[in-house]
Amino acid sequence: MENTGRNLDVAIEGDGFFQVTTSDGSARYTRDGALRTDADGSIVTSGGYTLEPSVTIPPDAHAISIGRDGTVTVFSGSDNIPSVVGQIMLVRFSNPSGLSAEGDNMLAETPASGSPTTGTPGEEGVGSIQQGFLERSNVQMVTELVSLITAQRAYEINSRVIKVGDEMLITANQLIR
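Numbers given in the working numbering equal positions in the sequence shown, counted from 1, plus 406.
It is possible that part of the hints are untrue.
Unchecked claim - Pairwise CB distance ranges (calculated):
1) Pro488 / Met547: 40 to 48 Å
2) Gly520 / Ser452: 39 to 47 Å
3) Gly504 / Ala445: 45 to 53 Å
4) Glu529 / Ala560: 21 to 29 Å
5) Thr549 / Val570: 46 to 54 Å
6) Ala469 / Ser553: 21 to 29 Å
7) Thr428 / Pro517: 47 to 55 Å
8) Thr516 / Thr479: 34 to 42 Å
9) Pro517 / Ile568: 23 to 31 Å
10) Val567 / Thr428: 48 to 56 Å
What the hints assert, rightly or not - Below, a list of computed lysine to any residue pairs in the SDA-like style, where the Cα atoms sit at most 25 Å apart:
11) Lys569 / Ile582
12) Lys569 / Met547
13) Lys569 / Glu550
Hints were generated in silico from the structure; no laboratory data involved. Being a predicted model, the structure only gives us computed values, none of them experimental. Built from N, CA and C at the ideal position, the CB exists for glycine as well.
Kindly generate the complete structure, drawing on both the sequences and the hints.
Listed below in structure tokens is the structure:
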């Protein structure tokens with residue numbers, strides 16, 4: 407995880423996905439925690455998809471706190487009184503590998519993934535939420551490139567061995583005749 411310090415950046419520690427609604431009203435799932443507010447104050451993903459259940463930040467809010475359980479608290483007005491405006495929920499699947507990639511960091515439910523189960527972050531088998539952080543890629547580019555080059559060299563060597571073996575068989579057949 408990478409510390410961003412932004413109030414609306416959230417990372418999921420453990421299992422779980424945010425449920426969002428697309429423009430056609432269908433449900434999709436993501437771990438994209440780079441959240442922001444839209445013109446109406448609703449919390450949306452970086453792609454503009456509204457979180458489900460919807461959480462709306464009032465226009466006079468000057469500070470936002472998101473608890474590990476997903477509770478969204480805002481501080482507004484000159485008296486700085488905290489007010490809970492909603493809760494970010496997470497969903498989990500019996501087989502997350504069965505989700506279908508839809509692009510734009512979106513995943514769709516499939517028969518292989520099973521049906522989504524909604525849960526409170528930190529409970530019911532879903533992960534918890536960490537405010538001010540974003541999930542980083544688990545791919546180390548340098549390591550992967552080195553592995554790719556190593557595999558390519560091994561392929562070239564094996565190809566040469568097969569070629570030399572074929573040449574030896576041809577020579578052996580010619581000697582026998």
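So, going through the hints one by one against the coordinates:
1. Checking the proposed 40 to 48 Å range against proline 488 and methionine 547 shows it holds: the Cβ atoms sit about 42 Å from each other.
2. Checking the proposed 39 to 47 Å range against glycine 520 and serine 452 shows it is violated: the Cβ atoms sit about 27 Å from each other.
3. Checked against the given bound of 45 to 53 Å, the beta carbons of glycine 504 and alanine 445, roughly 36 Å apart, lie outside it.
4. At roughly 48 Å, the beta-carbon separation of glutamate 529 and alanine 560 lies outside the given 21 to 29 Å, and the hint is violated.
5. One distance hint, 46 to 54 Å for the beta-carbon pair threonine 549 and valine 570, is violated here, with the actual separation near 32 Å.
6. In this structure, alanine 469 and serine 553 break the distance hint of 21 to 29 Å, their C-beta atoms being roughly 45 Å apart.
7. In this structure the hint that threonine 428 and proline 517 lie 47 to 55 Å apart at CB is violated, the actual value being about 20 Å.
8. For threonine 516 and threonine 479, the hinted distance range of 34 to 42 Å is satisfied, since their beta carbons lie about 36 Å from each other.
9. Checked against the hint of 23 to 31 Å, the C-beta distance between proline 517 and isoleucine 568 comes to roughly 43 Å, which is inconsistent with it.
10. Taking 48 to 56 Å as the suggested C-beta distance range, the pair valine 567 and threonine 428 conforms, at roughly 52 Å.
11. A threshold of 25 Å between alpha carbons decides the hint, and for lysine 569 with isoleucine 582 the separation of about 20 Å falls inside it, so the pair holds.
12. About 33 Å separates the Cα atoms of lysine 569 and methionine 547, which puts this hinted pair outside 25 Å; it is violated.
13. Taken as a hint, the lysine 569 and glutamate 550 pair is broken in the structure, with Cα atoms around 29 Å apart against an allowance of 25 Å.
The earlier numbered hints that this structure contradicts are 2, 3, 4, 5, 6, 7, 9, 12, 13.
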